[in-house]
Amino acid sequence: MSSSIVQCQQLNHVYDGKVALNDVNFELQAGEPIGLVGPNGAGKTTLLSILSGFLHPTSGTVRLFGHSPGAAQLNGKVSALPQDARLDPSFTLKEQLVFYARLQGYPKPQAIMEASRVLEAVALPEAADEKPGVLSHGMAKRAAIAQALIGKPTLVLLDEPTAGLDPVNVRTIRSIIAEQTSATTFIISSHDLPELDRLCRRILLLENGRLQTETIHVNEQQSDTRFITLQMESCPAPEVIAKLEALDGVLQVSNPQKNEFVVAYNAELQPTIDLQLLQCLQTNHWQYRQLSHGKTLEEKLFFSE
Amino acid sequence: MPITVNASLLIKDNIMQPGFFNHLLLICQFELNRRFATRKGLLSLVTFAVLWYFILLYPLRFAAALVVQEQGLNHHLSIFDFIGLGSSQHWSIPEFDVFWQLALIIFPMLSITLAADQTCSDRERGTLRFIVLRSSRDRVFFGRFTGVMLLQALLISAAAISTMALALSRDASLVTAVLPDLFALIVNLVLIVLPFTSMMAALSAQVKSARQATLWAILIWTFMAGIITGLAYYMPGLDCLKLLIPGYQLVEVAQLSGWQTLQLAYIPLLQCSVLLALGRWIMARQTL
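Chains as they are written, first to last, in our numbering: chain W, 1 to 305; chain H, 1 to 288.
So here's chain W without its partners, still in its complex pose (with noise of 0.2 angstroms):
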């Protein structure tokens, strides 16, 4: 049975006279990660902050597990990493969480526990007598998503986790955000859509303060039209168009940007497509680098017709 865990409807909110959120309405159940995407200035900031508590909107009401942010019966059971927020210089990793799990009613040697699993789940157990100063950017990054698991909420939103983290520090965020699936929802804001591709199974995205009308799964499987992702090395484009489109059950060859080609097919008439195409590539020694069921999610969000 899915239960409904995040309510909006009809919110608005408005900074100095510019609309940052227009009528958003929506209802999110748990389980997969769900993404929030969107260009800058679209209001994914605005809505995790209000989700958060820390801004009230203007209008429209706001329920999380049937109550408002901020109340008391979310203590432990919602939690946020808030975007560009940092911990408090003067206190080491291990006092901050400490204080924050007392804060969530742990008694102070669960609380001691609970800050040791948290830093452990973000592999940083050897920082935790270290104060946030001394920490590099993905260090940090960590250690504020190791705030947001104390006590194993439901429902973490994360506001963009992996800006500016290099690719290493990236993959450990998606894997520690993986392993917390089966416990959690998670709602991730991000531009990184490969990122999003890879974690999430249900995209909400916001434009201009609106929110689309529908949620996009990412593996939509349900229609006769697929599609196949095919990154090329160098190579003719009209000439491999021309081929990919004389295959059978091929609808439609686009080419998005340099060297990506979207095959849409139909399943139906041709379930073995990539096989074909496969051959093809071969037959007129082209070389790929990817190739992929599904279209990109940029390609889902942003160029679909």
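Worth flagging that the hints you see were computed from the coordinates, not collected in a lab. We treat Cβ as the ideally placed atom computed from N, Cα and C, and that holds for glycine. Treat the hints with care, as some may be off.
Taking lysine-lysine and the DSS-like style, the derived pairs with C-alpha atoms no more than 30 angstroms apart in a straight line are [stated by the list, open to error]:
no., chain 1, residue 1, chain 2, residue 2
1, W, K131, H, K40
2, W, K108, W, K77
3, W, K152, W, K94
4, H, K208, H, K40
5, W, K108, H, K40
6, H, K208, H, K242
7, H, K40, W, K94
8, W, K18, H, K208
9, H, K208, W, K131
10, W, K94, H, K242
11, W, K131, W, K77
Just so you have them, the derived chain H footprint on chain W, three or more residues with Cβ under 8 angstroms [as the list claims (entries may be wrong)]:
no., region
12, 54-63
13, 74-83
14, 97-106
Far from chain W, some chain H residues (derived; all Cβ distances over 12 angstroms) [as the list claims (entries may be wrong)]:
no., residue
15, T47
16, H90
17, K208
18, Q212
19, F223
Model the placement of chain H on the given structure of chain W, informed by the hints.
For chain H alone, kept in the frame of chain W given last:
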């Protein structure tokens, strides 16, 4: 067969939602740790201790000696009469007379700097967001306020006790006479800094830094005192507005001694209530 227990599940079972006072205590305790267990906090305490040592050793000791001499000569005019803070009634020992007059100036000023950063830098850094995810804004606001008040109470007590020690070093037989006055001094000074601390709590909830809070406190206090005094001069009916100025009662309180000083305690309590209500209102509406 060994039984394995998931430690995190055990932890989860043991947790209980903490109440208002529990959070208040935790936040207050964390605030005291900031002042007593961090390098920055300790540095400011050491600075205060050094400054107070010199105040105790020179102005306070010499002024007290002067008052003792004046009492011997039966003079009724002291240096504090010249600056308008001479008391018509005396404390049990001259050291407390001098301490009282100095403390009425020093501790409100100290309060404006010491209590300036109750929430502002944490809000600007984003740290406050981590806290309000687990506690209400009210709890944070009142917890920080209580922490700073406790710190000031400790500093006031330490300063008063050191003054008592100075007096006892002159005459150890005074010990029984000075204790009731020591408590009266501490209680009064804590009451006196209440409105200043709550004014800083309200300002800290609004501005971006401790420096801004201090500057605004000085500006608001000066203009409010000037405007209300000016208005009351032309319209005596508005004289009651002076009750809104933190420290308004200080000149009158300076004339009193012992537990009589509590006659005017309602003024700081009233001011504190109004300012805390204002601060709470700001905090509740503030974007974190």
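Quick rundown of the hints versus the structure:
1. W:K131 to H:K40: 13 angstroms, holds
2. W:K108 to W:K77: Holds. K108 (chain W) to K77 (chain W) sits at ~20 angstroms (cutoff 30 angstroms).
3. W:K152 to W:K94: Status holds; Cα separation ~17 angstroms.
4. H:K208 to H:K40: Satisfied, since the Cα-Cα distance of roughly 20 angstroms is no more than 30 angstroms.
5. W:K108 to H:K40: 25 angstroms, holds
6. H:K208 to H:K242: The given pair, whose Cα atoms are some 28 angstroms apart, holds under the 30 angstroms limit.
7. H:K40 to W:K94: Status holds; Cα separation ~19 angstroms.
8. W:K18 to H:K208: 23 angstroms, holds
9. H:K208 to W:K131: 23 angstroms, holds
10. W:K94 to H:K242: 48 angstroms, violated
11. W:K131 to W:K77: 27 angstroms, holds
12. 54-63: Per the Cβ count (3), the hint holds.
13. 74-83: holds (count 6)
14. 97-106: It holds, with 7 qualifying residues against the three required.
15. T47: Its Cβ never comes within 12 angstroms of chain W, the nearest being 17 angstroms, so this holds.
16. H90: Holds, because the least Cβ-Cβ distance between H90 (chain H) and chain W comes to about 44 angstroms, which exceeds 12 angstroms.
17. K208: Answer for K208 (chain H): holds, closest chain W Cβ roughly 15 angstroms.
18. Q212: Check passes; 19 angstroms lies beyond 12 angstroms.
19. F223: Given a closest Cβ separation of 27 angstroms, the condition holds.
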